[in-house]
Amino acid sequence: MNSLILDEPPQATDTSLQECVEAACEKIPPLWPLTHFVAVNPFVGMADLDFGEALDVIHRAGHQSPFLPASNFASAWHDQSITKEDLRLACKNLDCENRLPTILQPPPEQWPLDNALLSVADALDVKNGTRWNGLALEEISKWCAAYHDQGQSLWQMPWKSLSLFRAWKRGAELDRTPEVSGIPGFRSHIKSLPDEARRAMETMLKDIGIPDSAREDYFHRLLMSVKGWAGYVQYLVREKKLRGKSDESLEQLLAIRLAYDWTLHKAFGGKPVISAKTKPSASLAAIWQEALEISHRRVWIQRLQSGDLSTSNPAGDRPSVQAVFCIDVRSEVMRRALELTDAKAETIGFAGFFGFPIEVVPINGSHGSARCPVLLTPSHRIHEHLHAGDPSAARSAEVQVAHREEEAGNWKRFKTASITSFSFVESLGLASVVPLLRKNLVMPPSSAAPQTSLPLAQECCPKNEPNGLSPEDRVTMALGALRNMGLTKNFARLILLCGHGGQSANNPFASSLDCGACGGHAGDANARVAAAVLNDPAARRSLPAHGVIIPDDTIFLGALHNTGTDEITIFDQESVPSTHQEDLKTLQDTLSRAGDLVRAERAIGLGVDPMSCPNVFGAMEKRSCDWAEVRPEWGLAGNHAFIAAPRSMTKNIKLDGQAFLHNYDAEEDNDLSVLELILCAPMVVASWINLQYFGSASNNDLFGSGNKLLHNVVGKMGVLEGNGGDLRSGLPWQSVHDGANLRHTPLRLNVFVKASPEAMDSILEKHESVANLVNHRWIHLFALGSDKILQRQPQGGWNPFSL
Numbered sequence: 001m002n003s004l005i006l007d008e009p010p011q012a013t014d015t016s017l018q019e020c021v022e023a024a025c026e027k028i029p030p031l032w033p034l035t036h037f038v039a040v041n042p043f044v045g046m047a048d049l050d051f052g053e054a055l056d057v058i059h060r061a062g063h064q065s066p067f068l069p070a071s072n073f074a075s076a077w078h079d080q081s082i083t084k085e086d087l088r089l090a091c092k093n094l095d096c097e098n099r100l101p102t103i104l105q106p107p108p109e110q111w112p113l114d115n116a117l118l119s120v121a122d123a124l125d126v127k128n129g130t131r132w133n134g135l136a137l138e139e140i141s142k143w144c145a146a147y148h149d150q151g152q153s154l155w156q157m158p159w160k161s162l163s164l165f166r167a168w169k170r171g172a173e174l175d176r177t178p179e180v181s182g183i184p185g186f187r188s189h190i191k192s193l194p195d196e197a198r199r200a201m202e203t204m205l206k207d208i209g210i211p212d213s214a215r216e217d218y219f220h221r222l223l224m225s226v227k228g229w230a231g232y233v234q235y236l237v238r239e240k241k242l243r244g245k246s247d248e249s250l251e252q253l254l255a256i257r258l259a260y261d262w263t264l265h266k267a268f269g270g271k272p273v274i275s276a277k278t279k280p281s282a283s284l285a286a287i288w289q290e291a292l293e294i295s296h297r298r299v300w301i302q303r304l305q306s307g308d309l310s311t312s313n314p315a316g317d318r319p320s321v322q323a324v325f326c327i328d329v330r331s332e333v334m335r336r337a338l339e340l341t342d343a344k345a346e347t348i349g350f351a352g353f354f355g356f357p358i359e360v361v362p363i364n365g366s367h368g369s370a371r372c373p374v375l376l377t378p379s380h381r382i383h384e385h386l387h388a389g390d391p392s393a394a395r396s397a398e399v400q401v402a403h404r405e406e407e408a409g410n411w412k413r414f415k416t417a418s419i420t421s422f423s424f425v426e427s428l429g430l431a432s433v434v435p436l437l438r439k440n441l442v443m444p445p446s447s448a449a450p451q452t453s454l455p456l457a458q459e460c461c462p463k464n465e466p467n468g469l470s471p472e473d474r475v476t477m478a479l480g481a482l483r484n485m486g487l488t489k490n491f492a493r494l495i496l497l498c499g500h501g502g503q504s505a506n507n508p509f510a511s512s513l514d515c516g517a518c519g520g521h522a523g524d525a526n527a528r529v530a531a532a533v534l535n536d537p538a539a540r541r542s543l544p545a546h547g548v549i550i551p552d553d554t555i556f557l558g559a560l561h562n563t564g565t566d567e568i569t570i571f572d573q574e575s576v577p578s579t580h581q582e583d584l585k586t587l588q589d590t591l592s593r594a595g596d597l598v599r600a601e602r603a604i605g606l607g608v609d610p611m612s613c614p615n616v617f618g619a620m621e622k623r624s625c626d627w628a629e630v631r632p633e634w635g636l637a638g639n640h641a642f643i644a645a646p647r648s649m650t651k652n653i654k655l656d657g658q659a660f661l662h663n664y665d666a667e668e669d670n671d672l673s674v675l676e677l678i679l680c681a682p683m684v685v686a687s688w689i690n691l692q693y694f695g696s697a698s699n700n701d702l703f704g705s706g707n708k709l710l711h712n713v714v715g716k717m718g719v720l721e722g723n724g725g726d727l728r729s730g731l732p733w734q735s736v737h738d739g740a741n742l743r744h745t746p747l748r749l750n751v752f753v754k755a756s757p758e759a760m761d762s763i764l765e766k767h768e769s770v771a772n773l774v775n776h777r778w779i780h781l782f783a784l785g786s787d788k789i790l791q792r793q794p795q796g797g798w799n800p801f802s803l
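Take 1 as the starting number for the sequence shown in the numbering used here and just add one per residue.
Hints in this document: simulated from the structure, not taken from any laboratory.
All values reported here derive from a predicted model rather than from experimental measurement.
Worth double-checking, as some hints may not be accurate.
[Claimed, not checked] SDA-like mimics (lysine to any residue), calculated; alpha carbons at most 20 Å apart, straight line:
#  : residue 1 : residue 2
1  : K716      : G368
2  : K142      : S249
3  : K651      : P378
4  : K160      : S181
5  : K489      : G547
6  : K241      : E26
7  : K241      : P378
8  : K266      : G134
9  : K142      : P107
10 : K206      : G368
11 : K84       : K344
12 : K788      : N772
13 : K127      : S181
14 : K206      : S188
15 : K716      : G134
16 : K766      : K651
17 : K344      : G547
18 : K142      : M157
19 : K489      : N507
20 : K84       : P107
21 : K241      : K142
22 : K344      : T35
23 : K716      : S188
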């Protein structure tokens, strides 16, 4: 191993401690809490590195391969899913053709790990067979759970008003656990440290003797050893940064982890082992990954070439209905079914927040939740209220809701209090069986979303507090939404804005089945607000001045696609005039029949045979309401492509729920503003989703959250697998594996855009972060031409893709 065992004095370099800390912290992806868990690219902090190089860094710092096990590739080799030609092309793409003679054979039993980064705890564990790294993790997890608890625990950490480092230090000065576990003098050592995290780090680094040149790698390893909690703290830091505030909590967590290494060094004299940096070269695993993706990419190209690449959206008769769905891959199946059910229906793909980045405050709530992509911040606040015939009735209903919420809170506190919890179980344990059985064996009366309405008025809020949408805002947002979704002419009488949301029971990761474009929530609020604005007569009167004329007989409807049952619920039907009641009835019938088609297609993958099952809907509904069901649906598993093009190009192609579909017509985008928006927002979000599924499927232990059956929720923030260890990130194993086979093959996203290479290059030149995704091989970008498909090369330029 070419490594530097740190027995030498510190070396002077130009790299400051601050720069090393920042560089290491940037490599940690944020982890959203369970209440609005969203897909996160686990490599987001390393987009400036090449894909293969970044995964090699993860391998060294995480001590596990970020690729599929070698045995998976060996199976693909033996069944000819990966061919010799695929490997030749892979070596060519990765500029390592000189290695080809040693590549054309089955891979080894496991991927080699060279130059692993070892902390003091790691080095002592390797040398002596101890478990100091595990002890550090358990202790940090204990203190982080107490410090960041959001009300689940009745006992509150007494130092929560202090910074993370100072709060931990106060507790650690009293905690005997490390000393009982074998670290002599732990409490006195911690007490001797400065209270300020940066000064404490300087003291500890000087004692251990870490050269400046090794600090960034060393810090990265320390954070990777507590990567779950580091990810959650990174989320908190990111949220404050978006609001213009600074937060040093992640640096303080790094200082806490360093303290355990420091006390071990003082007790046992251990030293870190930091690999010497070498010139990056494609790893064996990266070559096989590239070959696997080449074989799958060929299938996608063949699929698209089976359509008509030359067509644009035809200017035909007025559609029977226009239905706007989220670009989520599950919408592809529903859109295809709707078009099969009604040949005159037109479906449109657009980000599921419908261009309305809002914060929604629930009934009687004081704080709202962001209903927009995590790359954005809400621009307006909307307060939710119950729909009722008069204000006094509405107020009475709101009081009832508040009363029920207060009772539920008191009941929870009684059940979980240290004095009453045991008596609760003994007294009511048997009685609790009845609702448990009812919940598990009796279906609920309806799985439709709760009926609430969303006001757009401003008068109910204090002055200068943003709430609702002003008349000017309504026009601006309506115009932006219509243009960006390509809906500016030939309007149908009914236009459905259909958000989506999952349905499951006893599922801490329920929000992962909701809409990523709505910040890990269902899309009902956005759909209803968008429909209300687009129906607003005043807003519509202002649109013709901007070149958009909505006919007087066009009505927008908000709706929600329940992805657990494939029901579509249309909201606010009471506001539909009598002139459109027949249209509404026809639409509801069409949606019902389309739902039957979708359920029949999805059922097979969930182990339900539609040919022998007399009630497929009932079977799907039961899965979505069963608290013991670990696979209520497959979510976005299988997402492998992002397509921005006229729907006519993909309408007759069965894409099996594997593609994000965004409508785009280059002929209507003279200034490239829509293309720029697509490449900089929904495509980036899709790549985050794709890479989260990549990591969770390739190595769930490293990037996922493990076995659902062993999950314990921690403070509403995340889960532990079992009763200890790190906060788990990513998706559960059951979300990507059916018990026998992977349901998601880890592949990078193929992005197909019906636009000129020159147009896309001009946008990449303006946005470095987007260009990094292409130039560093995080996504594969293609231009769909009228007669050929061109692939963007990492070094620049476009080459025809050959099968």
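Taking the hints in turn, this is what the structure says about them:
1. K716 x G368: holds (16 Å)
2. K142 x S249: The given pair, whose Cα atoms are some 16 Å apart, holds under the 20 Å limit.
3. K651 x P378: violated (33 Å)
4. K160 x S181: This hinted pair is violated, its Cα atoms lying about 26 Å apart.
5. K489 x G547: Holds: K489 and G547 sit about 10 Å apart, inside 20 Å.
6. K241 x E26: Cα-Cα ~13 Å, so holds.
7. K241 x P378: Since the Cα atoms of K241 and P378 sit roughly 14 Å apart, the hinted pair holds (cutoff 20 Å).
8. K266 x G134: Judged against 20 Å, a Cα distance of about 18 Å means the pair holds.
9. K142 x P107: violated (41 Å)
10. K206 x G368: violated (46 Å)
11. K84 x K344: Answer violated: K84 to K344 is near 47 Å, above 20 Å.
12. K788 x N772: The hint is violated at about 25 Å.
13. K127 x S181: holds (18 Å)
14. K206 x S188: Cα-Cα ~18 Å, so holds.
15. K716 x G134: violated (23 Å)
16. K766 x K651: Since the Cα atoms of K766 and K651 sit roughly 32 Å apart, the hinted pair is violated (cutoff 20 Å).
17. K344 x G547: Status violated; Cα separation ~25 Å.
18. K142 x M157: At roughly 11 Å apart (the allowed maximum being 20 Å), M157 and K142 satisfy the hint.
19. K489 x N507: violated (43 Å)
20. K84 x P107: Holds - the C-alpha atoms of P107 and K84 are around 13 Å apart, at most 20 Å.
21. K241 x K142: Since the Cα atoms of K241 and K142 sit roughly 26 Å apart, the hinted pair is violated (cutoff 20 Å).
22. K344 x T35: Violated - the C-alpha atoms of T35 and K344 are around 40 Å apart, more than 20 Å.
23. K716 x S188: The given pair, whose Cα atoms are some 34 Å apart, is violated under the 20 Å limit.
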